[in-house]
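Enquirer: For reference, the chains in residue letters:
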Amino acid sequence: MSAATDALCQCQHATSLSSRTVSGVLGAVVLTGAMWIGARPIGRVPPLGALLDPARGVWALATHATHPREATISIPSLTSSVDVRYDDRGVPHIFAANELDAVRALGYVVARDRLFQLELQTRAAAGTLTELVGARALGVDRDARRIGLPWGAKRKFAGTDTTTLARRTLDAYAEGVNAYIDGMSGADLPLEYRLLNAQPQRWQPEHSMLLLVRMGYTLAWSDFEVKRARVEARIGRAATDALFPRDAYIVEPIQPNGRHGEARAAGAFPTPKPDSAAAELARVLASIPDVTDGRQASNNWAVAPLRSANGHALLANDPHLDLSLPSVWYEAHIVVRDSLDVYGVTFPGAPSIVLGLNRDVAWGATNVGADVADYYVETVDDSTSPMRYRVDGQWRDLVRSVEPYRDPAGRTVATDTLYYTHRGPLNRVGARWISRRWMVLEPSADLDVFRAATRSRSVAEFFSAMNGFDSPAQNFIVSDRVGHIGIRSTGRYPLRPGDGRGDRLFDGSTSASDWKGWITPLNAPQAIDPAQGFVVSANQQPVDPRAFPAYLGADWVSPWRAMRINSLLSADRAMTADKMRAMQSDPGSARADAFVPLFMSAAENAIRAGRGDSTLSQAAKLLGEWDRRYTPDNQRAVLFEAAMDELVRLTWDELAPDSGRRVATPWDQVLLALTREPNSVWWDRRATTARETRDAILTTALAGALDSTIRARGPAYDGGWRWSAVRHANIWHALRLPALSAIDIPVQSGPETISPSFGSGTHGASWRLVTDMGPEIRAWGIYPGGQSANPVSAHYRDRIETWRRGELDSLRIPASPSQLSERHTAATLTLAPSGR
Amino acid sequence: MMRAVANLIAFTLTLIITTVFVGWWTVPVVAFVWTLATPRRAAVIYAAFAGAMAWGALLSWMSRTAPIGAVDSLMAQIMDVPQRSIVMLTLAYAALLAGSAALVAQSIRPPVRTPRF
Chain L
5 MSAATDALCQ CQHATSLSSR TVSGVLGAVV LTGAMWIGAR PIGRVPPLGA
55 LLDPARGVWA LATHATHPRE ATISIPSLTS SVDVRYDDRG VPHIFAANEL
105 DAVRALGYVV ARDRLFQLEL QTRAAAGTLT ELVGARALGV DRDARRIGLP
155 WGAKRKFAGT DTTTLARRTL DAYAEGVNAY IDGMSGADLP LEYRLLNAQP
205 QRWQPEHSML LLVRMGYTLA WSDFEVKRAR VEARIGRAAT DALFPRDAYI
255 VEPIQPNGRH GEARAAGAFP TPKPDSAAAE LARVLASIPD VTDGRQASNN
305 WAVAPLRSAN GHALLANDPH LDLSLPSVWY EAHIVVRDSL DVYGVTFPGA
355 PSIVLGLNRD VAWGATNVGA DVADYYVETV DDSTSPMRYR VDGQWRDLVR
405 SVEPYRDPAG RTVATDTLYY THRGPLNRVG ARWISRRWMV LEPSADLDVF
455 RAATRSRSVA EFFSAMNGFD SPAQNFIVSD RVGHIGIRST GRYPLRPGDG
505 RGDRLFDGST SASDWKGWIT PLNAPQAIDP AQGFVVSANQ QPVDPRAFPA
555 YLGADWVSPW RAMRINSLLS ADRAMTADKM RAMQSDPGSA RADAFVPLFM
605 SAAENAIRAG RGDSTLSQAA KLLGEWDRRY TPDNQRAVLF EAAMDELVRL
655 TWDELAPDSG RRVATPWDQV LLALTREPNS VWWDRRATTA RETRDAILTT
705 ALAGALDSTI RARGPAYDGG WRWSAVRHAN IWHALRLPAL SAIDIPVQSG
755 PETISPSFGS GTHGASWRLV TDMGPEIRAW GIYPGGQSAN PVSAHYRDRI
805 ETWRRGELDS LRIPASPSQL SERHTAATLT LAPSGR
Chain U
-9 MMRAVANLIA FTLTLIITTV FVGWWTVPVV AFVWTLATPR RAAVIYAAFA
41 GAMAWGALLS WMSRTAPIGA VDSLMAQIMD VPQRSIVMLT LAYAALLAGS
91 AALVAQSIRP PVRTPRF
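First to last, the protein sequences are chains L and U. First residue of the first sequence? That's 5 in the working numbering, and the numbers climb one at a time after it. First residue of the second sequence? That's -9 in the working numbering, and the numbers climb one at a time after it.
These are computed hints drawn from the structure, not numbers from a lab. Among the hints, a few may not be true.
Unchecked claim - One side of the interface only, derived from the structure: several residues of chain L facing chain U at Cβ under 8 Å: (1) Gly31; (2) Ala38; (3) Pro682; (4) Val685; (5) Pro755.
Said to hold, decoys possible - Quick list of simulated restraints, FRET-style, between CB atoms: (6) U:Arg74 - L:Thr834: 33 to 43 Å; (7) U:Gln73 - L:Thr419: 27 to 37 Å; (8) L:Thr834 - U:Met69: 36 to 46 Å.
As the list claims (entries may be wrong) - Below, a sample of chain U positions facing chain L; criterion: calculated Cβ distance under 8 Å: (9) Val10; (10) Pro57; (11) Ile58; (12) Leu93; (13) Ile98.
Every residue, glycine too, gets a C-beta built ideally from N, C-alpha and C.
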């Protein structure tokens, strides 16, 4: 019995041991797996442990969705305490004892709200996105480096004197950003870093220069040369000059001269003749990406006291940029005792307010769209790996730089050799080597200029401070408390040899092709207190070319927005801030006013002459019902837009290969000028044997538009034609994640309304400001998005609905901390020097 | 029974404290040590339950003042999974960490069994 029991026990023990071993191994395998996925990313899924940790994982986004009601932080570099009050809109009001401490605080609060954005846009300009997101960003990085963005930023930074206040400002900003990064806990990490399994990089002073060149890329990249070559290949130089003219066909200058919306004599539009030499050049240039969409838009206007209801100068500005979440703008208020009190928006990364107001002056900007870049065909000593290039018969050494692109683990994913001439980056384009000189990459003091401008006390002082501003050229508009208003197309514009035009390639083998000097801000187009009592800009040609013959650029955008603004301002001698607010999303369109009568007239003539069918009659009836407004519930704008698309397609068929897209599309102002030639050869369609005239094309376009609209949206009276179903704003997050974006926002915008919306709807009014410069400064503003980049914060997208409705927030501008009431104070942050 | 409940609460509190003050990876460490120190029959389920309860309690505590639901909803959209999945995944992950560590510990020091004859 005993032996049997012992045997049974031994057997049980052995079985138990074996079972425990199996369990142990199983447990170890599962545990190892759990730890592995906790610590390592799997594909694009970040490490689960760090992500799901309730205390410092993604859940911490919730606990950090609002700033603590009160906080005190030590910053080593501060010289005295800085009091930061966040108002109920999430705007920090920075009260500092000196300017550098204020800038440190600005860097700190921007990093606190927008850290990932700071890094992403810096890397985009530096061409180091691969280090953050891997090889999928290689193409973007290569483009950034090949066009010289990091090279230009380095030049600008190297050009700053380390002893100047400008340089110390850059350093102070970096100290503020880095103080935030150094004090971060794991719970503070923004969502994007978690998703990418990355950590923030430290901010370097030169990163602000990267931001500057990046903005230059957005606002001042021009490829007129590339576009012209493609067009010339198809229609010849003379016709290209007519369709993509140096000067706008509608004279609506920023520098007022009493002429509004005047049609400039266009002359006969030349017959298209393909140009084989240009075709060869176009083939060469085909590898240069045409990145300009040509649809950059912005508005600003200012009204003198004599035309305002309350006798104060009023100002409005709405710069249009790519819409994004978080916004490209960050709102802030900086007060330095007895020296500075400025409110407005800054680009995260810029150490000052860029657009806004102080206690005496308000200002805004629109893009000039000037031609500030040129291509040079260079002669090199070796067509595959050049070391030198020739100028005036002498060989000069190229600057060469071997550039590695690294992935997040530090591995090299690609390497490029970049070349630079004295003009700028040199790239191989087909069989040629072409360098590019671009104002954006020239050494400048642009950031320092803003520092001075924010202190100005009058329109004159503002422009004086802006004399050093080079690029990207902006139509700065200003109003002051005394009642002055002014506008100036501020920037440095190159003077070229020959006829002065910069929209063609230059011979790089001679120094005679180089820029000869500059049109400086002092002699740029401008107006102060013009007799008409208001000034306006909307990216149109700044001057009447008859009065200002110097070349600033070519192929100017149609001045429809400027015409509409001028028309509304001219008609009202009692302007108010609220009317200006309403104007910023006005649904009217000068373009519709110009083209609808042409469609209607052509249709009525055709119907009267018995050439119209029932489709044309119906289309004319429906278009005639339109009030020419792009309101969300409008049901006829869709027909007009379809008719314009058809008109463009039918008219410019010479610009399209037999089976392809147009190589370029002239602006609608060119189309309007062409309508003054009803029998021009340009109305004739290549696809038909008949000889079409203007009216035949207009009626065909209108009837075709009705057919296509019914096909796409159903019958006219069933509600499918509502404009809100057609036109949306789409505000994407930089990582293009729908959950972090705001998509399909119905807006009161048309392709050429004051608040324009076109294409994919990703472009629009990125900031709206209205100011009333009376004894007491009043200002209203909005941008689509919110101050915080934390997607679960109440301030992530809280302003979008207000922006969509065309409304503005009243801006709180306290002169001291005590002036911001307790009710409007959301949080306070005290930044203290270390050791106090 | 009361002792078991008290033990569970102590275990859960320890997991909460180490998660908050050290990090997620302490969950298996604590579960391993706890199971070695207090072996029991259903140690794996017990530890998994404590892990899920610890992280669940933390999320509940945070949700009093913070938009935990918004984070869940946001992450569900980003990861293209149903609502509440991220909360469930979080609890399941804590359970997995604690339970697997307990399984290893149990294989080293099994619970004392009462012989049955």
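Enquirer: If a hint holds in the structure, say so; if it does not, say that too.
Expert: Verification of the supplied hints:
| no. | hint | result |
| --- | --- | --- |
| 1 | Gly31 | holds (3 Å) |
| 2 | Ala38 | holds (5 Å) |
| 3 | Pro682 | violated (55 Å) |
| 4 | Val685 | violated (55 Å) |
| 5 | Pro755 | violated (31 Å) |
| 6 | U:Arg74 - L:Thr834: 33 to 43 Å | holds (40 Å) |
| 7 | U:Gln73 - L:Thr419: 27 to 37 Å | violated (46 Å) |
| 8 | L:Thr834 - U:Met69: 36 to 46 Å | holds (39 Å) |
| 9 | Val10 | holds (5 Å) |
| 10 | Pro57 | holds (5 Å) |
| 11 | Ile58 | holds (5 Å) |
| 12 | Leu93 | holds (3 Å) |
| 13 | Ile98 | holds (7 Å) |
Violated hints, in rising order: 3, 4, 5, 7; the structure is consistent with all others.
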